[in-house]
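Colleague: Please build the complete structure, drawing on both the sequences and the hints.
Residue numbers (my numbering): 1 to 218.
Possibly wrong hints are sitting among the right ones.
Computed cross-link-like contacts, EDC-like style, restricted to lysine to aspartate or glutamate with a CA-CA straight-line distance of at most 20 Å [stated by the list, open to error]: (1) Lys-99 to Glu-71; (2) Lys-43 to Asp-161; (3) Lys-192 to Glu-137; (4) Lys-43 to Asp-106.
Please keep in mind that the hints were generated in silico from the structure rather than gathered at the bench.
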Amino acid sequence: MKAVNAENEAFARRVRERLAEAGVLMINLMSGPGAGKTTLLEKTLGRLGDRYRFAAIEGDLFTDRDARRLERFHIPVIQLNTQGSCHLTAQMIEAAIEKMPLAGLDFLLVENVGNLVCPSSFNLGEQRRVTLLSISEGSDKIAKYPKAFRTADCLVVTKLDLLPATDFSLAEVAADFRVVNAHSPILALSAKTGEGMTQWYQMLKTWKAEEDARPRVA
1 MKAVNAENEA FARRVRERLA EAGVLMINLM SGPGAGKTTL LEKTLGRLGD RYRFAAIEGD
61 LFTDRDARRL ERFHIPVIQL NTQGSCHLTA QMIEAAIEKM PLAGLDFLLV ENVGNLVCPS
121 SFNLGEQRRV TLLSISEGSD KIAKYPKAFR TADCLVVTKL DLLPATDFSL AEVAADFRVV
181 NAHSPILALS AKTGEGMTQW YQMLKTWKAE EDARPRVA
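Modeller: In structure tokens form, the structure reads like this:
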């Protein structure tokens with residue numbers, strides 16, 4: 001396992017260097033299956049697509065259904081099928097960005113395979129990592145899968161419109177998150193109703209501004 005991680009880190013460093021040279025902010029979106037990653041991407045592209053230049057990488061075990069959902073936004077989209085593996089790797093990302101016009105991009109949004117265990121152990125070369133947790137999954141997931149949340153730069157609680165119909169506790173989730181992650185922000189939103197989405201868009205703008213302020217790699 002150590003050898004696998006070391007090899008992955010080498011690819012991740014190369015990915016990060018390429019992104020830094022091009023001034024592209026890559027965000028790795030992780031969650032369990034069905035938490036709303038693709039829907040969040042759709043809403044983001046619809047709202048910010050006129051201001052920023054986006055590309056996306058869709059990771060899944062099989063099928064290209066998520067990638068096809070993004071075709072209407074006319075951005076570069078690459079589907080990566082792992083054929084059963086529970087996570088993307090930096091090597092896969094490096095191969096994908098070779099096919100992308102990095103020099104013309106602001107954001108590269110990566111939707112990792114739907115899994116709360118494997119993806120958090122593999123650095124893809126991203127500058128930011130977001131973990132999603134949907135209301136329908138229950139309040140106990142952070143305690144059960146702490147690593148997926150410990151490494152997150154932001155926790156996004158999705159499907160907030162379902163809250164009245166469940167016993168989901170935002171307070172419990174926030175408390176569990178602070179046990180494993182003391183500083184990263186917590187956002188709660190509904191892509192369906194739009195509640196909380198403004199804070200998500202502002203987060204992306206802030207991260208991009210911070211990335212643009214970093215010295216470019218010579």
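Colleague: Would the pair Lys-192 and Glu-137 pass a check requiring their Cα atoms to be no farther apart than 20 Å?
Modeller: 17 Å, holds
Colleague: Hint check: Lys-43 vs Asp-161, CA-CA at most 20 Å. Holds or violated?
Modeller: 16 Å, holds
Colleague: For the pair supplied as a hint, Lys-99 and Glu-71, is the alpha-carbon distance within the 20 Å limit?
Modeller: Distance ~17 Å between Lys-99 and Glu-71 Cα, so the pair holds.
Colleague: Decide if the proposed pair is consistent with the structure: Lys-43 and Asp-106, CA atoms, cutoff 20 Å inclusive.
Modeller: 17 Å, holds
Checked against the numbered hints above, the structure breaks none of them.
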